[in-house]
Amino acid sequence: MTNDPVNQFEYQKYFDKLVVFTRSLQRIREAKSYSDFISEIETNLDEITPFLFYKFYGINEDQKSLKIISELGPDELTIDLNMVQWSLSNDGPSLIPFQTPIDENIKANILIPVVGAQPFGVICLWVDYETSGFNIYIALALKMLAQEVASSFSLMNLTNKIKEQRDFMECIIASVPSGLFATKMDGTIVSINSNAEILFNVNRKEVVGKPYMEVFPEKIASTIYTLRINAERTGGVSETEVEYEFSQGNILYLGINASIIYSESGEKLGYVIICRDLAISREVVKLRELDAMKNDFVSLVSHELRTPLSSIISYTELLLTPGMVDSPEESNEFLNIIFQEGHRLARLINDILDLSKSESGKMDYIFAPQDINSIAKQSLRSSKPLAEKKNIELQEVLAENLPEVSCDIDRIIQVYLNVLSNAIKFTPEDGLIIVYTRLVTVENKKFIQVEIKDNGCGISEKDYDKVFNKFEQVENVESHSSGTGLGMPICKNIIEQGHGGRMFIKSELKKGTSMFFELPV
Amino acid sequence: MLVTIDKLKVGALIRSEIKDNTNKVVVKAGAKLTPLLLKRLESWGVKSVDVEPDREDESQKPVVEVKVVEKKAQTVLDKELVIKIAKKFSNVREDPLMDKIMRLSIKHLSERQSKIK
Amino acid sequence: MDSFDVRNRIEAIEELPTLPVVVTQILQATKSMATNANDVGDLISSDQSLTVKVLKLVNSPFYGFPQKIKTITHAIVILGFSKVKNIVLAASVFGMVKQPKNSTISLTDLWEHALTTGIVCRQIAKHRNSGVDIEEMFVAGLLHDLGKVIIICNLPDICTAISENVRKKDCLFYEAENEILNFSHDKVGVWLAEKWNLNPALIEGIKCHHDPLAARGDKEIAFTVHAGNVIARALDIGSGGDNKIPILNAKVAEELGLNVPAIDKIMGEVLIEIEKAKDFFDLIHSQN
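Chains A, B and C, in that order, are what the protein sequence lines are.
Count along the first sequence starting at 1, add 456, and that's the number in my numbering.
Count along the second sequence starting at 1, add 4, and that's the number in my numbering.
Count along the third sequence starting at 1, add 891, and that's the number in my numbering.
Think of the hints as simulated: they come from the structure by calculation, not from any bench.
These numbers come from a predicted model, not from an experiment.
Be careful, since some hints might not be right.
What the hints assert, rightly or not - Every beta carbon over 12 Å from chain C, so not counted as near; a handful from chain B, in silico:
hint, residue
1, Met5
2, Val7
3, Asp10
4, Lys11
5, Leu17
6, Glu21
7, Ala35
8, Leu37
9, Leu42
10, Glu46
11, Pro100
12, Leu101
13, His112
Said to hold, decoys possible - Under the rule of at most 30 Å between Cα atoms (straight-line distance), these lysine-lysine pairs were calculated in the DSBU-like manner:
hint, chain 1, residue 1, chain 2, residue 2
14, B, Lys104, C, Lys1169
15, A, Lys750, A, Lys922
16, B, Lys88, B, Lys104
17, A, Lys599, C, Lys922
18, C, Lys922, B, Lys91
As the list claims (entries may be wrong) - Not the full set, but computed from the structure, chain C residues with beta-carbon under 8 Å of chain B:
hint, residue
19, Val943
20, Ala1125
21, Leu1126
22, Lys1135
23, Val1143
24, Ala1144
25, Glu1146
26, Val1151
27, Ile1154
28, Asp1155
29, Met1158
30, Gly1159
31, Ile1163
Cβ atoms here follow ideal geometry from the backbone N, Cα and C, with glycine treated the same way.
Throw the hints in and build the complete structure from the sequences for me.
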C-alpha cells in the first residue's frame, strides 16, 4: 500500500499535519491561566476533528463520581459512569457509535481518557460521523492531546501542592506571637513575619534579600551577631536579653533567641531568630533596681553600724585586759571614746529608722500651722555654739508677713539644724552663713522658700546628687565628719515626701553653697 | 490429631510423618515442631499437621476428626505444587531475587488452586 | 552446525510459516495515518474465519467493553487500531502451524506460555506508566518464542536433539540449544519476524529476550519481554520447552521497577487477566 503513490501522498499530508499539531499542542502547556488552558484544549480538539458538542468530565477522588470541568453542549447529553470508567482503563481514545442515533446529526461519541500518574478524567465528544471518519491520525492526535492535558494537570497539582505547603509555612511563621525572621548563613534575610516588621519598624519588601546588619537597628544587629557566633560555637541555640528602645521613651525588654537551621542531611542552611517581648514593665524594672538598692543599703548599713560597735568592743577589751591601761587618764580617755561611739551608734540607729520611716511614708507627722521665720530664728540660736567654734557669723534675712505654713515643727527644725550643721561643716573659719526666707511662686503655686547660704568651699555640680544619697559624704578637705551620712536624705524625704515640698542645692566651687527647701503654702 | 497451621504450637510433637508425592518422608514422626520447621511448613502451603495432643486439646478432638479427610487431600496437593515449583527453580535458588520470586509463585498458585476447589 | 547452515535450511523450507496475506495487509495498513477504520474493517471482513475469531476476542472480558461489539469496524473504532491489530495477529498465529507427530514439545503449551508472556508484558507496561504502548508489549511477549515454533515444526530432528539434551542436563531449552547449535531460537525468531515485516523495535525485543542488556536502541521492549518471560514461567502456565526458569536480570528488574512487592502485585493482576482472557486460551486449544 505504501508503494501506491496516492497513498504516499496521503501519508505525507498526515505526517505534516501531525508536525503542525505538535506545535499547537505547546499552547496547552504554555497557557498562563486556567481558562486559557481550557480554551486551548478546545481549540486543539477542534483542529483534530470536527465535533458538535463536548464535555470534559473530571473524575473525583473517590473514583466513583464525575464533575464537569468544562463543556459545550446541552445538559441532556450525558455519559454513563461505567463507560467513563472503561475509557479510563482503555489506554487510548475510542469512538463509540450509538446503537440508535440521538438525533439526525449526532451519531457517535468519542471518549478520550486523560490519565497521568492517576486518572484525571475523560473528554467526551459528540460527533456527526461514524467509523469511516475515524482514522489512525485522529486516534494518534487525540492520544497526544490527552497526554499533554494529563501532564499539565499533574503539573498543576504539583504546583498547587507546593503552593499549599508554602502558604502553610507562611501562616505558621505569621502566627508565631513573637517577631521571627530567618537568614541564610551569610546573614541575608530570607523571611520575616509581621511581628518582627512592627518590632523593628521595617518593611518586608525592603529587607528580604538584604543582610540584616544593614537593615536592623544597630543594637539588635550587634546582639544577633554575638548570638550567631555563640550558636555556631555550641552548634545549636543561643539566647540573651536585651533592652531595646521601641519608640520614643518606650523601652522593651526583648528575649532574643538564635538557632541554626539544619537541612535533613545535616547541612547548615541559615538561622532563625525569635524576639520575644519579655513584657517587663517599668514597675518591674524599678522593683529590680530597688531590690538591688536594698541589698546595697543593707550592706552599707551593716558597715556603718559595725564601725562604732567595733570601737566600743576594742576599747572595752583594752580596759578589761590587765596591764593594758597605763594610767587613770588613759582609762578615762578610753571610756570617753566608748561613750561617744555608743551615742553615735544610737544616733545612727535612730537615723536609719527615721530614714526608713520617711521613705516608706510611715513617718508620723503632726501638722500645725507654723511661722517659718520663728522656726528659723530658733534654729539659728541652737546652731550658734557650733558656729562660734569656727568663728562663723550667722545672719538672717527673713521676709516680712510670710503666711503660715502647715508643717510638723519638730521635723522642720530637724531639717534646719541638719542643713545648718552641714553649712557650718563646709564653711571654713571666719565664714558667713545667711538664712533667707521668702515667698515664691512656682507654676501658679505659692511656696515658702528657705535658703541657707554659706561661703564655704562649695560643691561641684556633679556631686549635687551625692549630697542627698545615703551614706555618701562629699569629699571634704576641711571637716572631719561625725555625722551619720543620713541627715540629708532624711531631710529631703521630710520636705518632699512628708510636706510635698522641694529641696535642692545650688553651689559654686570655692564661692559657697546655697541649700534650698520649699514648703507649700 | 489434626491441627490447622495457625493453631500449631512450637514444641508440639508431630505424630504422623509428612511425605511428598514421591512418597519420600520429608518430616519424620516424632519430630518436634521448631520455629524453623513451622516456617517451612507455612511456606510450603501446608494447611494442617497431625500432632500429639496436649492434655487440654483432648476436648477438641471430635470437631477436628470431621475435617480430617479434606485437610489431608489439601496437604498432598499443595505439596505437589510446592515441589514442582521448587524443582523448576532449583538451578536459580542462589539468586536472591529468584528465590523471592519462587515464594511468590508458590503463594499465587496455591491461592489460585484453592479458589478452583 | 553453524548458524549459516541452519539459516539456509530454514530458508529452504517451503512451508515456512507465513502470515496470512490479509494479516500482512492489515499490519501494513496500520502503519499509515491515513488508514481509516473502514479500510481495516474491510480487510478483516474479507476473511470469514478471521472475522469470527476476531469478533469473539473483541467481546472478551479481557477488553471489558460494557456493551456487545457487533461489527468489526465498530471493534476497530471502539478498541482502537492497536488492539485490533494485536487480536488479528494472535488469532492468526495460534493456528499457524500444525503440531508435528512425535514431537517432543507441545505447541499448545508453547502458545499458552506465549500468551501468558504477552499478558505479563502488558501488565508490566501498565505499571510502568511511561507512555509506552502496552499493546506493543503484548505482541512482543506473544511472539517472543516464534523461533521455537520454527524449530519444532520445521527442524524436527534438531528439536529432538535439543529436547534430549534438556532432559539429560535438566536445563533450559535455550541452554540446550546453545550447546548443540551454538545459537538459539531468538535468532530464528528474528529472521521470521523480519520476513513478516514487523516493527524493528519489536524485532530487537524478540532477539534479546535472553540477553536484554545487549539490546540496541530503546531497550524497553527487550527488558519487558525478558522479565515477562521469567514471570510467565514462574506462573507455571504453558511451557517453554523445559522445566526450568531463567534468571531475571537484576539490572533489568531495577530499570523496570520490578521489586518484590511490584512482582507480587503484577502476578496477582496477571492471574486475573488470564481468567478474563479465556477466549484467547480457548482459541489456542481449538487451533492445536
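If any of the earlier hints don't hold here, list their numbers in rising order. 11, 12, 13, 18, 19, 23, 25, 31
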